[in-house]
Amino acid sequence: GAGVSQTPSNKVTEKGKYVELRCDPISGHTALYWYRQSLGQGPEFLIYFQGTGAADDSGLPNDRFFAVRPEGSVSTLKIQRTERGDSAVYLCASSLVPEETQYFGPGTRLLVL
Amino acid sequence: AQSVSQHNHHVILSEAASLELGCNYSYGGTVNLFWYVQYPGQHLQLLLKYFSGDPLVKGIKGFEAEFIKSKFSFNLRKPSVQWSDTAEYFCAVNANRDDKIIFGKGTRLHILP
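One line per chain: the protein sequences are A and B, in this order.
The first sequence begins at 1 in the numbering used here and counts up by one.
The second sequence begins at 114 in the numbering used here and counts up by one.
Only chain A is shown next, with the shape it has when bound in the complex (with noise of 0.2 Å):
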């Protein structure tokens, strides 16, 4: 596809469950980023990915967080005993290159109940 896509589009989990949100970026871009955007704030930045190797995920919340990309394309965002604190959009951007324009994909709404 043309975008960044991003699956399930919505996730309704139960407390203590552990979920994993997927993000396919736009084909042959190297930079990929996960934000997560709760209601009423601006998207919030939690991991980059240069290639396969995560260059900063200073913005990952707790431990509970993780992220993987391990052929350099598709990421998974896993999320371990998730809380209802956990619920938000979290949204996954990609970019040609670390330093050019980022394109986000249309997010997974998690509702942790």
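Because the hints were derived from the structure by calculation, they are not lab data.
One or more hints might be untrue.
[What the hints assert, rightly or not] Below 20 Å or equal to it, Euclidean Cα-Cα: the simulated SDA-like pairs (lysine to any residue) are:
id: 1; chain 1: B; residue 1: Lys218; chain 2: A; residue 2: Glu44
id: 2; chain 1: B; residue 1: Lys171; chain 2: A; residue 2: Thr101
id: 3; chain 1: B; residue 1: Lys218; chain 2: A; residue 2: Pro106
id: 4; chain 1: A; residue 1: Lys78; chain 2: A; residue 2: Glu100
id: 5; chain 1: B; residue 1: Lys162; chain 2: B; residue 2: Asn145
id: 6; chain 1: B; residue 1: Lys182; chain 2: B; residue 2: Gln115
id: 7; chain 1: A; residue 1: Lys11; chain 2: B; residue 2: His156
id: 8; chain 1: B; residue 1: Lys218; chain 2: A; residue 2: Val89
id: 9; chain 1: B; residue 1: Lys191; chain 2: B; residue 2: Gln115
id: 10; chain 1: B; residue 1: Lys184; chain 2: B; residue 2: Ala129
id: 11; chain 1: B; residue 1: Lys162; chain 2: A; residue 2: Leu96
id: 12; chain 1: B; residue 1: Lys162; chain 2: A; residue 2: Lys11
id: 13; chain 1: B; residue 1: Lys162; chain 2: A; residue 2: Lys78
id: 14; chain 1: A; residue 1: Lys11; chain 2: A; residue 2: Leu113
id: 15; chain 1: B; residue 1: Lys162; chain 2: A; residue 2: Glu99
id: 16; chain 1: A; residue 1: Lys11; chain 2: A; residue 2: Glu100
id: 17; chain 1: B; residue 1: Lys218; chain 2: A; residue 2: Gln41
Dock chain B against chain A, hints included.
Below, chain B alone, put in the same frame as chain A:
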């Protein structure tokens, strides 16, 4: 730490009115500046960006923004708004050579037909 302030959380205008949305950032070094827009039911899209050069930047759909370094501002303007401009607008900044984008909290713009 970098931060972005958007002064107006909710703006209501009539069609054909002029628009100016305020944005100030805090960072002492070289920055890249962005305005992103999110139309109802759609994902974040880049409206315009400033990396260097002419501080008056023109974007899509008749929007423009002016970077005033001395005021740490990057206000968004449009001389005559349309009903289709109803959306949420986010100002954002990333420090030169940094990877993450810092977003403001957003301004909800509602245009009355």
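Could you tell me which of the numbered hints above are not met by this structure, giving the numbers in increasing order? Hints 4, 9, 10, 12, 13 and 16 contradicted; others consistent.
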